[in-house]
Amino acid sequence: MAIFVDKDTRVVVQGITGRDGGFHTSEMMAYGTKVVAGCTPGRGGQKFQDKVPVFDTVREAVANEGANTSVIFVPPAGAAGAIMEAADAGCKLVVCITEGVPTVDMVRVMPYLKERGVRLVGPNCPGLLAPGIAKLGILPASIVKEGPVGLVSRSGTLTYEVVYQLTAAGLGQTTCLGIGGDPIIGTNFLDAIEAFNADPATEAFVMIGEIGGDAEEKAAAYIKAHVKKPVVSFIAGQTAPPGKRMGHAGAIVSGGTGTAAEKKRALNDAGIPVAERPMDIVPQLKSIWKR
Amino acid sequence: MNIHEYQAKEIFARHGLPVPPGEVATTVGEAVALAGKFGLPVMVKSQVLTGGRGKAGGVKFCKTIDDVKENASKILGMDIKGHTVRKVLVTPALDIASEFYVGMLIDRTSQRVLLMCSAEGGMEIEQVAKDKPEAILKLPIDPRFGLLDHEALELGLKMCPGEVKKARQLATAMQKLYAAFLAADASLAEINPFIFTPDGIGHAIDGKVSFDDNAMYRHADYEALRDLEAEDPSERQAREANLSFVKLEGNVGCLVNGAGLAMATMDLVKYYGGQPANFLDIGGSSNPEKVVNALKIILQDKAVKVILFNIFGGITRCDDVANGIIKATEMMTIDVPIVVRLTGTNEAEGRALLAKTKLHPAETMDEAVQKAIALAG
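Chains as they are written, first to last, in this note's numbering: chain W, -19 to 271; chain S, 6 to 382.
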């Protein structure tokens, strides 16, 4: 079991003919993900690696190949449009890897998705990987392992670091999910935690936050009220100076809010241990998890 | 990206907001000439990319030409929170009967542009939010319909009860500010204060705009608005080299792939008693040129006593990264020690390559950070 994906996940890759899109599509397919179609306007009728049909529109990919999920690698200028196209064509899950999507574009996208009941992951995220089931995005398959731990994070490589440590400690994962570092994202911590809490295969989970916004605080309140499964957290950016964007568009301490200290306090108040160092996450999870 | 008050006001004026005339001076002589042009009294206002200009003495009311001379010479060259004043805005001083705050920003919670307004104008809105949160009216704007006439008018009337003429002017200002916000791809736009003169006419006498860095590609004209003198030279070079970089005060130079891991690395340096010299995300590439650019930027800072690479090889293989680092370090002379931590795909091969060099290898983040701090002395 996993969250958001299953054996019936059939993927169309938007931007499949681009350099990154092509490379990561190969990686997804190598992992066993059902990539049933690609979409690049003007390339309809071609085949990706002689196997996967490419269409001009997502609607054709859905109609002809039964795609129900989209993974997007198109450049920032077209990313918001690509998300809306996938939603309008009937994809119920859209994963947008693209970094650098203008924020006002995402403001327009959100109500469009809500009206159509579509789940978005990202943008500016590594996507998700459900070991043994499917890989949607760019998380490296070599570091994951099937098992009972759920992981949700706003980061990319920091996620890999923690997954690597979990796997090395023999703790496999149900789903590793990177929700993205932008101020406006589809799936947030709360959505992921609700899903992990409801997933019978997920016995414990890890939440990796960072400075900026108050998503971690909201997740903490939800966990305190509703979650019995063991949870450990980590917050990146304690040493970040205020007002400076730390790489991710959303990672900025503004007006004295969104600091690591505030987030840690909220998590601790909710009874959630916050690891001081990334290497403390696994030992802390083991210490509170009575298997 | 942040811009100056005078630049924000130019954007406001283009969208029909009532901005008083004003021009920028870089010398006392120019300021005096502008005061003559606009007529006394005038305001002389420092143009720096930080708040608290008034408190620092960087905004002055001038009744006479002698006042202009005295204040312009004091303000030009003044240091405000580490920013040197190089320009002043000279603008007619208006008689203020009442003042208001009207601002907009991207709100993560509602995932909309959030309109905030308050009859407590002229103060820093963060302070009002702290002391008197009920004085701030908020409305998340539905992107499908924009800011509707009745929504804006209702807010105007809450701020000016019983004064429909003023409420209408505030409402119009809100709608024009929203148009400006969208057209400019702003992440923040505020008029503070929006004032009424005793004749009941509204004026946007101060303002602030920040642009969304993600949208810079569709505003080629914004590059001309960038104040290169106000930017840290190393941050400017990093921006031009397409690297995400923030300069800090320590001596451990950090090169990390990924923003989250870069932040976590800085935090770990601090945890072990060291001080990071910077935040730098070199991205997923193993391109030696990118590494060279990053090293050049970091090594300009003479405080840097050690370089710390923390790379998690996911899709990018560790042996590729190792080769990139080795090539880059061969392309330049580096006289500080370099610690390299490589983990992930092909880590054994990557480490074997490093073993043949003078670089200090490390297996874990903790080991790498502790080694780097020890080498920094």
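Simulated from the structure, these hints should not be mistaken for laboratory data. Model, not experiment: these values are computed from the prediction. Yeah, the Cβ is synthetic: ideal placement off N, Cα and C, and Gly gets one too. Please note: incorrect hints may appear among the correct ones.
[What the hints assert, rightly or not] Looking from chain W toward chain S, a few residues come up when the C-beta cut is under 7 Å (computed):
1. T(-3)
2. G(-2)
3. V87
4. A121
5. S122
Status of each hint after checking the structure:
1. Contact between T(-3)/W and chain S, as hinted, is not supported at the beta carbon level, the nearest pair being about 19 Å apart and thus beyond 7 Å.
2. Violation of the interface hint for G(-2)/W is found here, the shortest Cβ-Cβ separation to chain S being roughly 15 Å, above the 7 Å cut-off.
3. With a cut of 7 Å, the hint placing V87/W at the interface with chain S holds, because the nearest CB-to-CB distance is about 5 Å.
4. A cut of 7 Å between beta carbons decides the hint on A121/W: the least distance to chain S is about 9 Å, and the hint is violated.
5. Because the beta carbon of S122/W sits about 5 Å from the nearest beta carbon in chain S, less than 7 Å, this interface hint is met.
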